[in-house]
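Novice: Assemble the whole structure, with the sequences as input and the hints as a guide.
Numbers in the working numbering are just positions in the sequence shown, counted from 1, shifted up by 386.
Keep in mind that a hint or two might mislead.
[Claimed, not checked] Below, computed lysine-lysine pairings styled on DSBU-like, alpha-carbon distance capped at 35 Å:
| hint | residue 1 | residue 2 |
| --- | --- | --- |
| 1 | K646 | K414 |
| 2 | K414 | K641 |
| 3 | K603 | K414 |
| 4 | K603 | K765 |
None of these hints come from the bench; they were simulated from the model.
On a predicted model such as this, the values are computed, not experimentally measured, just so you know.
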Amino acid sequence: NTSVQTQGPYSGSAGAAAPPFSGTLSFKEAIQRGLAFNLGGIGLDEAVLQARGQSRVSRFTLLPNLTSSVSETVQQTNLRALGIRFSSPIPGFRFPSVVGPYNYFDLRARLTQNIANVTDLKNYRSSQEVVRANEQSLSDAKDLVVMGVGGAYLQVVAAAARVEAERAQVDTAQALFDQASQQRTAGVLALTDLNRSEVQLLTERQRMVSLENDLSKQKINLARLIGIPATDRFEIVGDVPFAAAPALDEEATLKQAYEKRAYLKAAESQVRAATLAHAAARAERLPSLSLSGDYGAIGTNPSQSHGTFSVVGTLSVPIWIGGRTEGDIQQAEAALAQRRAELEDARSRVESDVRNAFLDLRAASQQVEVARRNIEVSKQNLVLTRQRFTAGVSDNVEVVQAQQSVASAELDYIDSVFAHNVAKLTLARAVSGADQNIARFFNIH
Numbered sequence: 387n388t389s390v391q392t393q394g395p396y397s398g399s400a401g402a403a404a405p406p407f408s409g410t411l412s413f414k415e416a417i418q419r420g421l422a423f424n425l426g427g428i429g430l431d432e433a434v435l436q437a438r439g440q441s442r443v444s445r446f447t448l449l450p451n452l453t454s455s456v457s458e459t460v461q462q463t464n465l466r467a468l469g470i471r472f473s474s475p476i477p478g479f480r481f482p483s484v485v486g487p488y489n490y491f492d493l494r495a496r497l498t499q500n501i502a503n504v505t506d507l508k509n510y511r512s513s514q515e516v517v518r519a520n521e522q523s524l525s526d527a528k529d530l531v532v533m534g535v536g537g538a539y540l541q542v543v544a545a546a547a548r549v550e551a552e553r554a555q556v557d558t559a560q561a562l563f564d565q566a567s568q569q570r571t572a573g574v575l576a577l578t579d580l581n582r583s584e585v586q587l588l589t590e591r592q593r594m595v596s597l598e599n600d601l602s603k604q605k606i607n608l609a610r611l612i613g614i615p616a617t618d619r620f621e622i623v624g625d626v627p628f629a630a631a632p633a634l635d636e637e638a639t640l641k642q643a644y645e646k647r648a649y650l651k652a653a654e655s656q657v658r659a660a661t662l663a664h665a666a667a668r669a670e671r672l673p674s675l676s677l678s679g680d681y682g683a684i685g686t687n688p689s690q691s692h693g694t695f696s697v698v699g700t701l702s703v704p705i706w707i708g709g710r711t712e713g714d715i716q717q718a719e720a721a722l723a724q725r726r727a728e729l730e731d732a733r734s735r736v737e738s739d740v741r742n743a744f745l746d747l748r749a750a751s752q753q754v755e756v757a758r759r760n761i762e763v764s765k766q767n768l769v770l771t772r773q774r775f776t777a778g779v780s781d782n783v784e785v786v787q788a789q790q791s792v793a794s795a796e797l798d799y800i801d802s803v804f805a806h807n808v809a810k811l812t813l814a815r816a817v818s819g820a821d822q823n824i825a826r827f828f829n830i831h
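Specialist: Listed below in C-alpha cells is the structure:
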C-alpha cells in the first residue's frame, strides 16, 4: 500500500510560533503552513545562518585588523635586577640602583594585514561553498516538507473518502437488514438469512468506527506537521480528485532534475568546498607575507607627548611544523574522496527518484481506470442481486457478497487515486521546486 512517512525533524513543527487555526484547510494552505512552521525547514534555515557566520569568521584573516589602545603606566625599575651596575669615580657618590617611580602615557593605533596567505584564501572560498551547499540543502528541505505535508494531507483526504464510502455501505447494509426483517416477519425468509444480514450490518458499523478513528489520527498527524495544536478543530476543503498529470517526457524530466535538483547541487557544492579545503591544506607549505604597523603618541602626559610609529613586514617560510601539514592534507584528501562518492550517489539517487516516480505514475493511472470500471460493474451486480433477492429467487448470500464487492471496489478506487496523487507529488519533488510544481501537477491556483 502507498504511504508517506516523515521522520526526524520533518515530523514536527514549531507550533508555538504558529497562529491558532480553525475552520477549513485547503491543500495549498497546508503546504504554506508546512513551509513556514515545519521543523525540518526551520532547522536547516538556522544551519544556513551558522554557515554564513563561519564564513565571516574565516574571512577576517584576509581583512585588515585595526585596534587602538590607550595606557597610563607608572613604573619603578630595579637596575641591579636587570644586571645594570654603575661605579662612580667620585668618592662618596653612588648611582641609584632603583629608578623611579616614573610614568608615561601612550595612545596608539595598530594595523595588521595579511598580504599573501594562500591557505587563508582557500579556506575562505571553501567556507563560501559550504554556505552554498547549506542553501541548496535548505531548498531540498523545503521540497521534503512539501512532500511530507502534501502526503499527510492526501492521507487525510483518502481517510475521509473511506469514511464516506463506508457510510454508504452502512446505509446499504441497514436497508438490506430492514428488508430481510420485513420478509422474516412475513414468513418468507429463513432466520439464517436474517442473521446474515445483521452480521453484515454490524461488520460495516465496526469498520465505520475504525475508519473514523483512523481519520482523526491522520488529521492529528497533519496538524503536527504544520504547527496546528492537536486540540484545534479543522476540516479539509473538499478532496483532491483524480486528475491526469501533465504530459512529461521521462528523459527530458530527468535532464531537468540533473540541472535543478537542490539535493544534487548541494552535493556538488560540498565537492567544491572539499577541493578548496584540500588546496588550502597543500598551501600550508607555501610562504606567507604579512604587514603590521602602529602609530601613536607617547609622553609623560597627553600635552607633552610626541608621535611615534613602526612598520614591520614579515615573510614567514614554513620549514617544519611537526607534521601538521601532512596531517591536514591527509584529512582533506579523505574528506574530498568521501564528498566525491556522495556526489556519485546523489546522481544515482536523482535518476532513481525520477524513474520510480514515472513508474508509479503510470501504474497508478492504470489502477484508477481499472478500479473505476470495477465500481461500475460491482454496483450493477449489487442492483441485480437485490432484485433477485426481492423476487425470492435467491437468498441474501449473493446480496452480501455483492455488497462486499462494491465496498472492496470503492476502497480500491480510493487507494488508486491516493497512489496516483502521491506519485505526482513524488515526481514534483524529484524534479525540484516542489512548491511551484504542486500548482501545475494538482491544478491549484
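Novice: Decide, hint by hint, whether the structure agrees.
Specialist: Structure-based check of each hint:
1. K646 with K414: holds (23 Å)
2. K414 with K641: At roughly 28 Å apart (the allowed maximum being 35 Å), K641 and K414 satisfy the hint.
3. K603 with K414: holds (21 Å)
4. K603 with K765: holds (30 Å)
The earlier numbered hints are all upheld by this structure, with none contradicted.
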